[in-house]
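Protein chains in written order, with this note's numbering: chain F, 12 to 231; chain G, 12 to 231.
Think of the hints as simulated: they come from the structure by calculation, not from any bench.
Be aware that a few hints might be false.
[Said to hold, decoys possible] Simulated DEER-style distance windows between Cβ atoms:
1. Ile211(G) <-> Gln219(F): 20 to 30 Å
2. Gly72(F) <-> Glu47(G): 49 to 59 Å
3. Asp215(F) <-> Arg84(G): 30 to 40 Å
4. Ala224(F) <-> Pro81(G): 18 to 28 Å
5. Leu227(F) <-> Glu73(G): 22 to 32 Å
6. Ala224(F) <-> Gly208(G): 22 to 32 Å
[Said to hold, decoys possible] Which residues of chain F face chain G? A partial, calculated answer using Cβ under 8 Å:
7. Arg29
8. Thr100
9. Val144
10. Trp197
[Stated by the list, open to error] Covered stretches of chain G, as calculated for chain F (at least 3 residues, CB under 8 Å):
11. 134–140
12. 146–160
Think of the CB as a built atom: it goes at the ideal place given N, C-alpha and C, for glycine as much as any other residue.
Number of protein chains: 2
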Amino acid sequence: MPAMKSQPAVTPRTRVRRHPERASYDRAVVNRVLDEGLICHLGFVVDGVPWVVPTMYARAGEVLYVHGSPASRMLQAAGSGAEICVTVTLLDGLVLARSAFNHSMNYRSVMLVGRPEPVTEIQEKMAAFQALVEHVVRGRWEHVRATTAKELKATTVLRLAIGEASCKLREGGPGDTREDAQLPIWAGVIPLQLAAGPAIPAPDLPPQLALPAHVLGYRR
Amino acid sequence: MPAMKSQPAVTPRTRVRRHPERASYDRAVVNRVLDEGLICHLGFVVDGVPWVVPTMYARAGEVLYVHGSPASRMLQAAGSGAEICVTVTLLDGLVLARSAFNHSMNYRSVMLVGRPEPVTEIQEKMAAFQALVEHVVRGRWEHVRATTAKELKATTVLRLAIGEASCKLREGGPGDTREDAQLPIWAGVIPLQLAAGPAIPAPDLPPQLALPAHVLGYRR
């Protein structure tokens, strides 16, 4: 059933239980959130403690890449064969209700669980590097000094198959009771988004170097 | 030594090992990040898997509150006496270096570990509600329909002492090698911040209800 291949697996443990109406297991929805996010929070267990560390990532087709120093405790734990959890959250707005109780937030959050594997093959490692750079700033890869074999060697890259995945989201206005909605209290949504400011050149940048289009037009 | 009281404990496991120059254990630095952030990513272990869930929080003095439905798996696990990890990350910019390898991000991230306790005392629970609402939109609490005893009862609130805590941050421009810095490649920082857009009134809001100052002037 090739059509199923592109759908993340819903399992009892990744099924959203609180507010199931906010859940989506559709691969397109999951991918959109993964592609819009810039960082994930990666959870791994060391001595029974669930450490949560922010890190860059990139999606390439059906897999997610994370990377870092071979000395990173996160990557050592995540590459050890144990299960990890990767969560990407986009905050879209503050939901102000008439009651304190019904205040909420609009968000889209994807959660993946799985056992990542180290990427050892040099071509895939380079492709992962490219995906990581392009994920953050599209058009950047062609522009920069290419990655060397030594740099590849000095970096651990892990691949997590996008298997068990769920997306939970809330959108729209406040959910006040009909009674509360009669109260003379302002209610609504304050939209939020990650906004890019004007680029700041490196202090040692020669002034004749113009802003490239991928920086000038940067938008998330 | 009362002066120590306000400093989070640095322990071998919360000491930042990668890029120790990016670490701060100063309570004022930790608090600033906690107060500026809107959501945390909370890690808890179920059946050996480190689940990572985004959730609202608020700091009140030396403690952090999280809350939700008593049916929440996250709160059940987090309130069970086991250790959890709470991470709050603010993304401040994209660092574009001349080499792909030296690309980075500017960020501030606080990590807390500890064993949260359920808040059962009604006055502290109400104070936690107030802290949660005020953390998100200052000035909102006085404006809204007060929380009822029934609503308090329908909510689980957990208190996490801000004990073991660390802040890791990166700021400034790219860290290219001297050799790379000679290349004719644009390098610098694209600053990022969470920006609030114009408020959207609830569809059923009477038009005569003006925007209150805490919404009109909302800034993070």
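Now for the hints, and whether the structure bears them out:
A hinted range of 20 to 30 Å is violated for the C-beta pair Ile211(G) and Gln219(F), which are about 45 Å apart. The hinted range of 49 to 59 Å is not satisfied by Gly72(F) and Glu47(G), whose Cβ atoms lie roughly 36 Å apart. As the Cβ distance of Asp215(F) to Arg84(G) is approximately 51 Å, the hint placing it in 30 to 40 Å is violated. At roughly 52 Å, the beta carbons of Ala224(F) and Pro81(G) sit outside the given window of 18 to 28 Å.
Restraint check, Leu227(F) to Glu73(G): a C-beta distance of roughly 45 Å breaks the suggested window 22 to 32 Å. Separation of Ala224(F) from Gly208(G) is about 26 Å and conforms to the stated range, judged on CB atoms against 22 to 32 Å. With a cut of 8 Å, the hint placing Arg29(F) at the interface with chain G holds, because the nearest CB-to-CB distance is about 5 Å. Here the hint on Thr100(F) is kept, as its CB sits about 4 Å from the closest CB of chain G, short of 8 Å.
For Val144(F), the suggested interface contact is upheld, since its CB lies about 5 Å from the closest CB of chain G, less than 8 Å. For Trp197(F), the suggested interface contact is upheld, since its CB lies about 5 Å from the closest CB of chain G, less than 8 Å. Only when three residues or more bring their CB closer than 8 Å to a CB of chain F does the claim for the segment 134–140 of chain G stand; here the count is 1, and the claim is violated. Coverage of the segment 146–160 of chain G by chain F holds [criterion: at least 3 residues with CB-CB distance below 8 Å; count 10].
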